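Q: What follows is the residue order along each chain.
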Amino acid sequence: MTDWEDPIMHDAAAPPAWVSLAYLIAGICFILALRGLSSPESSRRGNRFGMAGMGIAVVTTLVTHEVASLVEILIAIAIGGAIGFVVARRIAMTAMPQLVAAFHSLVGLAAVLVAAAAFLNPSAFGITGADGLILPVSRVEMGLGIAIGAITFSGSVIAFLKLNGNMSGKPILLPVRHVINLGTLAAIIGLIAYFTTDQSPWIFWTVTALSFLIGFLLIIPIGGADMPVVVSMLNSYSGWAAAAMGFTLGNSAMIITGALVGSSGAILSYIMCRAMNRSFLSVIAGGFGGDAAAASGGPTIDRPYKRGSAEDAAFLMSQAEQVIIVPGYGMAVAQAQHVLREMGDLLKKEGVRVKYAIHPVAGRMPGHMNVLLAEANVPYDEVFELEDINSEFAQTDVAFVIGANDVTNPAAKTDRSSPIYGMPVLDVEKAKTVLFVKRSMGGAGYAGVENELFFRDNTMMLLADAKKMVEDIVKALG
Amino acid sequence: MDFISILSIFVLACFVGYYVVWSVTPALHTPLMAVTNAISSVIIVGALIAAAAAGVPGAKWLGLAGVVLASINIFGGFAVTERMLAMYKKKERKG
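Protein chains in written order, with this note's numbering: chain F, 651 to 1128; chain B, 3 to 97.
Because the hints were derived from the structure by calculation, they are not lab data. These numbers were taken from a predicted model, which means no experiment stands behind them. Treat the hints with care, since some could be wrong.
[Stated by the list, open to error] In silico lysine-lysine, DSS-like type, Cα no more than 27 Å apart, as pairs:
1. K1005(F) - K820(F)
2. K998(F) - K1063(F)
3. K956(F) - K1118(F)
4. K1063(F) - K1125(F)
5. K1063(F) - K1118(F)
6. K1005(F) - K1063(F)
7. K1082(F) - K1118(F)
8. K956(F) - K820(F)
9. K998(F) - K93(B)
10. K999(F) - K1125(F)
11. K91(B) - K1063(F)
12. K93(B) - K1125(F)
13. K91(B) - K820(F)
14. K1082(F) - K1063(F)
15. K1063(F) - K93(B)
16. K998(F) - K92(B)
17. K998(F) - K1118(F)
18. K820(F) - K998(F)
19. K999(F) - K92(B)
20. K999(F) - K91(B)
21. K1063(F) - K999(F)
22. K1005(F) - K956(F)
23. K999(F) - K1080(F)
24. K1125(F) - K956(F)
25. K93(B) - K1005(F)
26. K1082(F) - K1125(F)
27. K1118(F) - K1005(F)
28. K92(B) - K820(F)
29. K1063(F) - K1080(F)
30. K999(F) - K1118(F)
All chains should be modelled from the sequences, with the hints used to inform the complete structure.
A: Rendered as structure tokens:
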């Protein structure tokens, strides 16, 4: 380690000005990458900015450090790059929530590895003081980096398993879980504080182990339908982990990126919570709802309802002036997006105006439905968000609900005792006719609430698998 | 850089992030998550530093492992974002 006893290495402010500028430019590229997403037209250019920024950051790092192992590094990049590229090519669009969760776990684990490497070889990171010990402020940053990274990792692994169906979407509730969680959290914070006075390895590794544990404990009690919030939250954490490591390295690209990603995830979590009318804390506390798709054998229904056939649905929609399609998670599960678009095309040929209405929490991650519809070649200017289309239901002939449930429940507006009271919902019941595709009458939505809509006079239930039903409607239309 | 300059960059970047993310159209929230995933892998900078340094083999191998993980994310994240964004098309206006 004598090579690194150079005094310059002890001071993170030492690199030449162009290096700091290069990292700053990388950071600006990342800002432009997100900025591009303000509209689909500019989005691809934005993505290119992101790639350029990453290239600048990597090259700058390699040319400004004495690289003792360039071959190994290039091999490592090639291996990782090949895996990432193949996965990105092959993944089905319906599996996007799992993929994003898996990617989050990798960022978390990478942050843990970097923090651990910095702990083992602090002089390479320029974070040692004159006494050869790690600077106290760097110890806090490292401690936070490894804690957030480890939470991101184990939390994302659980989220992945739940989204991928390897683990039940039902919440797993440990007794006194709040006490365990708060205790673990307090222990982590206490140990990081103690770490500033004592640089012993056991403290560092205990923080790591406890953080892995709490990531796991935090996510297991959260139900499948709350996953949009969880995925967004983990997105945010992965950003804060990168920012914490950026503080350790005094690297502006990492700090800017961390702040961007951290706020992005936080805002998405907020949007998701607002769309469910729930507080962030109540989601994190967990225990709410199981898996809508897995729910079955609910209360036996003996109230009268109207049941229709595919032919009835085809007739009603072909006679309509405007049809609004409301997709939900069930559409993703049934992979019905392509045949749904076919149905839309046939209706348009008949002169019907077809629009799509998306609730912010439809699906398992923010924007999930939009991606699936885009995949099925539905033009994005036919797809509308809740607040933009809700007033139109009153002038609509047919609302076609497929795979969505709670987000259409009028009880959210009227029934104060309902668990979903106050949640913004799509006003589908205002349409002249509501066609509601559902596998069977049993089984309520994720909130376990019966949907008043099923029994309305203007509702016709289409009981079948979503994909099968739409296929039959397409046949009847064609 | 001293702590206060770093902190200033961080706080200002949080504000930039706040405004930029609110301007993202909800239709692109999934690509937003994929791309933020890719860019948060800028943590590869730390992994590269650890992997490049001579002296401590343990740190070097941890760094190399970090480089592999971050690369999966960088290539995978940007590629999947590109794939998704290519699917968003406007209505074809017939002549």
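Q: Now tell me if each hint is right for this structure.
A: Do the hints match the structure? See the list:
Of the pairs offered as hints, the one joining K1005(F) and K820(F) is violated, with about 33 Å between alpha carbons and a cut-off of 27 Å exceeded. This hinted pair does not check out: K998(F) and K1063(F) have alpha carbons roughly 32 Å apart, beyond 27 Å. Restraint check for K956(F) and K1118(F): the C-alpha separation of about 19 Å stays at or below 27 Å, so the hint holds. Distance restraint check for K1063(F) and K1125(F): the Cα-Cα separation of roughly 37 Å exceeds the 27 Å cut-off, and the hinted pair is therefore not satisfied.
Between K1063(F) and K1118(F) the alpha-carbon distance is near 32 Å, which puts this suggested pair outside the 27 Å criterion. Between the alpha carbons of K1005(F) and K1063(F) the distance comes to roughly 23 Å, so the proposed pair stays at or under 27 Å and holds. Distance hint between K1082(F) and K1118(F) is fulfilled; the C-alpha atoms sit about 24 Å from each other, no more than 27 Å. At most 27 Å may separate the alpha-carbon atoms for a hinted pair to count; K956(F) and K820(F) exceed this at roughly 31 Å.
For the given pair, K998(F) sits about 12 Å from K93(B) by alpha-carbon distance, which is consistent with the 27 Å threshold. With a CA separation close to 14 Å, the supplied pair K999(F) and K1125(F) stays within the 27 Å bound. Our distance criterion of 27 Å between C-alpha atoms is broken by K91(B) and K1063(F), whose separation comes to about 35 Å. Taking the CA atoms of K93(B) and K1125(F), the gap is about 24 Å. The hint holds against a cut of 27 Å.
For the hint pairing K91(B) with K820(F), the CA-to-CA distance comes to about 37 Å; that exceeds 27 Å, so the pair is violated. The straight-line distance between the Cα atoms of K1082(F) and K1063(F) is roughly 19 Å, inside the 27 Å bound, and the hint therefore holds. Only pairs whose Cα atoms come within 27 Å are accepted, and K1063(F) paired with K93(B) is rejected, the gap being roughly 34 Å. A threshold of 27 Å between alpha carbons decides the hint, and for K998(F) with K92(B) the separation of about 16 Å falls inside it, so the pair holds.
Note on K998(F) and K1118(F): the hinted pairing holds, with a Cα-Cα distance of about 21 Å set against a maximum of 27 Å. The suggested pairing of K820(F) with K998(F) is violated, with an alpha-carbon distance near 40 Å, which exceeds 27 Å. Under the criterion of a C-alpha separation no larger than 27 Å, the hint pairing K999(F) with K92(B) is consistent with the structure, at around 18 Å. Between K999(F) and K91(B) the alpha-carbon distance is near 19 Å, which keeps this suggested pair within the 27 Å criterion.
Restraint check for K1063(F) and K999(F): not satisfied, since their Cα atoms lie roughly 36 Å apart, outside the 27 Å limit. Restraint check for K1005(F) and K956(F): the C-alpha separation of about 25 Å stays at or below 27 Å, so the hint holds. Annotation: proposed proximity of K999(F) to K1080(F) holds, straight-line Cα distance about 25 Å (limit 27 Å). Distance check on the hinted pair: K1125(F) and K956(F) sit about 22 Å apart at the alpha-carbon level, within 27 Å; holds.
The suggested pairing of K93(B) with K1005(F) holds, with an alpha-carbon distance near 12 Å, which does not exceed 27 Å. Restraint check for K1082(F) and K1125(F): the C-alpha separation of about 24 Å stays at or below 27 Å, so the hint holds. Between K1118(F) and K1005(F), the direct Cα distance comes to roughly 21 Å. Compliance with the 27 Å bound is thereby established for this hinted pair. For the given pair, K92(B) sits about 39 Å from K820(F) by alpha-carbon distance, which is inconsistent with the 27 Å threshold.
Only pairs whose Cα atoms come within 27 Å are accepted, and K1063(F) paired with K1080(F) is accepted, the gap being roughly 13 Å. Between K999(F) and K1118(F) the alpha-carbon distance is near 22 Å, which keeps this suggested pair within the 27 Å criterion.
The structure fails hints 1, 2, 4, 5, 8, 11, 13, 15, 18, 21 and 28 (numbered hints given earlier, in ascending order).
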